[in-house]
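Participant: Since the structure of chain R is already known, use the hints to place chains V, U and B on it.
Protein chains: 4
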Amino acid sequence: MRKIKVAILGATGAVGQRFIQLLENHPWFEIHELIGSDRSAGRTYAEAARWVLDGSPPSTVRDKTVLPLDADFESPLVFSALPKEPAVEREPALAAAGHIVCTNASAHRMETDVPLLLPEVNADHVGLIEVQRRKRGWTTGALIANSNCTVMPAVMSLAPLRVFGVEKVHAVSMQAISGAGYPGVPSLDILDNVIPYIGGSEEEKFQEEAHKMLGSLEGDEVVEFPAMVGAACNRVPVVDGHLVVISVGLRDKPSMDEIIDAWDSYRGSSDVIGLPSAPEQPLYYLHEHDRPQPRRDRNAGKGMSTSIGRLRPCPILDYKYAALSHNTIRGAAGCSILNAELLASKGYFDVFESTVTEAAGMSAGD
Amino acid sequence: MRKIKVAILGATGAVGQRFIQLLENHPWFEIHELIGSDRSAGRTYAEAARWVLDGSPPSTVRDKTVLPLDADFESPLVFSALPKEPAVEREPALAAAGHIVCTNASAHRMETDVPLLLPEVNADHVGLIEVQRRKRGWTTGALIANSNCTVMPAVMSLAPLRVFGVEKVHAVSMQAISGAGYPGVPSLDILDNVIPYIGGSEEEKFQEEAHKMLGSLEGDEVVEFPAMVGAACNRVPVVDGHLVVISVGLRDKPSMDEIIDAWDSYRGSSDVIGLPSAPEQPLYYLHEHDRPQPRRDRNAGKGMSTSIGRLRPCPILDYKYAALSHNTIRGAAGCSILNAELLASKGYFDVFESTVTEAAGMSAGD
Amino acid sequence: MRKIKVAILGATGAVGQRFIQLLENHPWFEIHELIGSDRSAGRTYAEAARWVLDGSPPSTVRDKTVLPLDADFESPLVFSALPKEPAVEREPALAAAGHIVCTNASAHRMETDVPLLLPEVNADHVGLIEVQRRKRGWTTGALIANSNCTVMPAVMSLAPLRVFGVEKVHAVSMQAISGAGYPGVPSLDILDNVIPYIGGSEEEKFQEEAHKMLGSLEGDEVVEFPAMVGAACNRVPVVDGHLVVISVGLRDKPSMDEIIDAWDSYRGSSDVIGLPSAPEQPLYYLHEHDRPQPRRDRNAGKGMSTSIGRLRPCPILDYKYAALSHNTIRGAAGCSILNAELLASKGYFDVFESTVTEAAGMSAGD
Amino acid sequence: MRKIKVAILGATGAVGQRFIQLLENHPWFEIHELIGSDRSAGRTYAEAARWVLDGSPPSTVRDKTVLPLDADFESPLVFSALPKEPAVEREPALAAAGHIVCTNASAHRMETDVPLLLPEVNADHVGLIEVQRRKRGWTTGALIANSNCTVMPAVMSLAPLRVFGVEKVHAVSMQAISGAGYPGVPSLDILDNVIPYIGGSEEEKFQEEAHKMLGSLEGDEVVEFPAMVGAACNRVPVVDGHLVVISVGLRDKPSMDEIIDAWDSYRGSSDVIGLPSAPEQPLYYLHEHDRPQPRRDRNAGKGMSTSIGRLRPCPILDYKYAALSHNTIRGAAGCSILNAELLASKGYFDVFESTVTEAAGMSAGD
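Chains as they are written, first to last, in the working numbering: chain R, 1 to 366; chain V, 1 to 366; chain U, 1 to 366; chain B, 1 to 366.
No incorrect hints appear here.
Given that identical chains are not distinguished, each listed pair holds provided it fits within a single copy or across any two copies.
No more than 30 Å apart at the CA atoms, straight line, and that leaves these computed lysine-lysine pairs for DSSO-like:
{"hint": "1", "residue 1": "K302", "residue 2": "K346"}
{"hint": "2", "residue 1": "K253", "residue 2": "K168"}
{"hint": "3", "residue 1": "K346", "residue 2": "K3"}
{"hint": "4", "residue 1": "K64", "residue 2": "K302"}
Quick caveat, the hints were computed from the structure, so don't treat them as lab data.
Just chain R, with the same shape it has in the complex:
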């Protein structure tokens, strides 16, 4: 059994580090190449990276030499933690060169032929890969994005409510500092403080990405989810974990018990069940009166589950509740990895190495 080789773009940044941490001991993937900025290229990873996660870089990457952004490399699977600017050109170029690029960057999320994948919710959007290959002349390559880290818990909690007719969504976020990367938010801005603003058009991303992710693939296109969606985004002094307070208007107003049942029984696409990074339950409803809380609930399902709580009537829309997920695991690197696992289980890497398909268990649902 051989593992699929992986290259990480932007390997020295905060999200790049999370990719490295989550891929240590991954059953299907192994880190083969690390790509960094010009400043980092040519140095060992241990020299180039200022490790900001807990502990130290895994020994498996410490001595790898960081490659420059324009290097040729061989890994079929590429995880991109690039900032938006360099992602614009580099990611499609790598897909054109045959690599399968799972990106956390925002650069291409809203392109009509790029799947914006949250696999439990919209695994069928991988169908866009055929569209992009046809349209762009790509062969083995592909470009798959995951969403903004703030819209993720909202979309995950709304997906099971689609059966009730989601009409309006009003979200107010309280976002962790790790969402801004490193060095990111200066401590003088956030200690004993809240900033009622997130740069990079966070509120607009929330709105448009929700529309796309909850939409349905019809023919070659994703038809936007028709609900009205608004978001007000805030930064709070929390290390990890984005909490979103959501009010929702539902056409067929269900009871609170029906909503909680919908959440608790939700398992999402059957394609996802059994993937290595898929949590046992994508969502948990917490019955305690004061949950979810970022510090106490962000690691639910190894950071891949969304925790929901405080469902109650809303005087303005129908109901309100709070949803939380780990912004750099489920909301970033972990979701990219789950996306790649979905592709692997569907055979997208078979063309690269015949041996790969022999790897025990490399299909979901077994």
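Facilitator: Just chains V, U and B now, with coordinates in the frame of chain R:
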């Protein structure tokens, strides 16, 4: 010139301490008596109080002996920082005994004959004092409440918008730890965390108090403000300053410039202008893209001004914005003191001491 | 193979919770009985405990009924997370009744016949069990304490330096809030703040416990370690992880390389190697210029390793450095569990159940 | 009466902002010119500066155009908040051009002819101005430095102990994030964390600056204070206020009462008494068992007083205690301003404008 003597109920608690701090060097009032729990009674204030504000207790109170809750005392003006339970009976008893009680407790706020005063917004609600005296047989006494600390910035920011027909208000708060008093929130609950819940029916208080404060006095009653109001309340790791993210639906939808003009030009009731604790401007609109922020804006107007920012369209209601004020100054002790100043300027203390009226400037607007 | 049954005293408190968390899936021990205060007794654990750690109480304890402090129970092994007061009488009573009590309480630490165990450093102090049994007439019972959470990283880092002749130790601690339990430190006291004081005679404990733990068992007594030891203790806004800045005077002044070698090669008593909770390395020296840090290093060795860094000359004594360990794992519940594992490996539980000795691997070093 | 015109170098940075804040309404000085980096030059201050202090930039500076670093300007008094690099050449050049430069930069602190002033402690070191003028050929110009912000509370607390023969000083600091400027410390590095390291040779600065500041001017030179001094510096999640835990060895070991008397009665140089920024008491001893604390005591004396507490015996040296002062007021901009006031009171600005000497009260001690 002589000052009006003041007694503080609950003087050793966090709000009681804020009363003491704000009354130091007050031009009209002087602290005469301190009332505490049985545990504190009989000890000097310095011994009885664990001072939680900056610095140390003022030298003027350090050596005063704390009186028990049931003590008779002579101060005509009483500021109450009692918890709800003891306030239920003690506050009306003191008013019946002739004292004018300005309370921060929630016990009596929603009684129909108790003014819930935010003087810029509803100074005319002092008219309820005549109603309560008539109904309860009180003579020189009165009971005047100020509101919950979270609804305060919402009401202050909504007051100037009433001319546009406020129909719906959706608020999400991020509240400071000092709102819970001392010892209040355990640090293990809030460091690196957010709690999406505030005890004591905070969300219900927000809704009902907004209706009363923004309502209009007609005859002997306050007619509730007719807007639909909802609130979702959260605790964040901030020392002081409650930030509220508000979406509002307005019948006569104005432009953003019109709204900002309404805020910037708002001065509130002319009865308030010139009172010692009245800020120069009750509200400020901040044009920076990331304000107001609790740490940087809570002390605007010595903690008595409300700061507003980030006005923008809301996809669900018409507009959204953020409002902030200092929860233990404007939202608690400072508002009680301003309420008492309003009463003093209207002559409510004249009966107690003829000399009081000689005090220079003891009427607003001079 | 059967596991040793465990009772937890003070099971609903913060340290009690850590015991429960660490004992989930323990290979040798299983939680059988939970003992709490009168307030908790008779309720299920889920009802009685306000869980303050991450996530929720394990399903294995949620439905157990909490027993009162004076209940008779059958578990041979007792972990005590009692406050000092109730520990004074209850712990020896349980030992007299035949239970082996591993306590985190401070009540009996300094009694001459009670081992104050940090197993890597002083595993031989278990010899005091025979002394206490002889002196107190106990048969199968015993009372074994672990140390204060702050002295722990100091003692661990000093143990390998004993060969150089430790003469003077000057320690300044920066301690996490979890060290004070729950509710513990009010957030108003510690947010944006440092408190240069820890209650409960923390500095005295540090000094006397270091002398005992680093001492040597000679005959029936521990001869105190002869170094001069001083500590200044401070509380900082950190959730978990006590950082101690230590200056040390050494008789045979070694080079810095010799000291780092002594740390890196230290494995402690061979009795400890292979115990389930023993970390691979009890100490790590971190060569980065700004480590150890509480948030990034507290979980080293699953919270059981001590991290050291910043060794450099000290102008007053010989050298200074920083040491860190997780205060509620290695510094509390985790150390108690390691102590019990040491006793199990030495056969102290054989008398209770013949089957226990059959458990695979229940001896260290295999 | 006319005020002395002031230019601020590095006006847009965090310390520059503090200069602006403290000089608003200063009785003797008025801000005339603002000098910034190339990026800022040519823009208004409001455009160029990202204001990181509370509130907003004072209206008096908002519309001033920021001048480039190499601009000629007319203000006789220059406050420098430059980073070290540009300070190296620019500060002496300005002094050579006739300006009196009071600098917070570290570039020239240890030059033998530059006074390192903490006026209460070493006002007589202004005598070095004559040395530097003679040596460097300067006429009206001068260069006066203030110290590192961490050594300040240590020196202030040690000054009154010199009478007892200070022989050894061991200091461990817990420093606020504002000491690193803006953007300074990334929040990901310090939230729920402590960093046992401060860059820029903080520990060395502490040691050498203490020796110079506590030294005595003999002839043309400062003779170094002969005590052994060591420091271990740490960053903690506190906004403002550096806390230093100090152990001290004293030749003529006094009682604790004698030490507290020495602190409480200390007023420092009589030259300082009555200067506008001089606090009523340079030091306060707090008798509470858990003070000083950064958040509660940093603003003592408007941020210009040093608070001391917890004096107790030290097992290693003689005594230990904790000292605190506001690092960006007394430890930076506020000290520079007090230094300039001292010079003004001694007539150093008389040469620039005859009218200046007419200003009421412009001499200390009146």
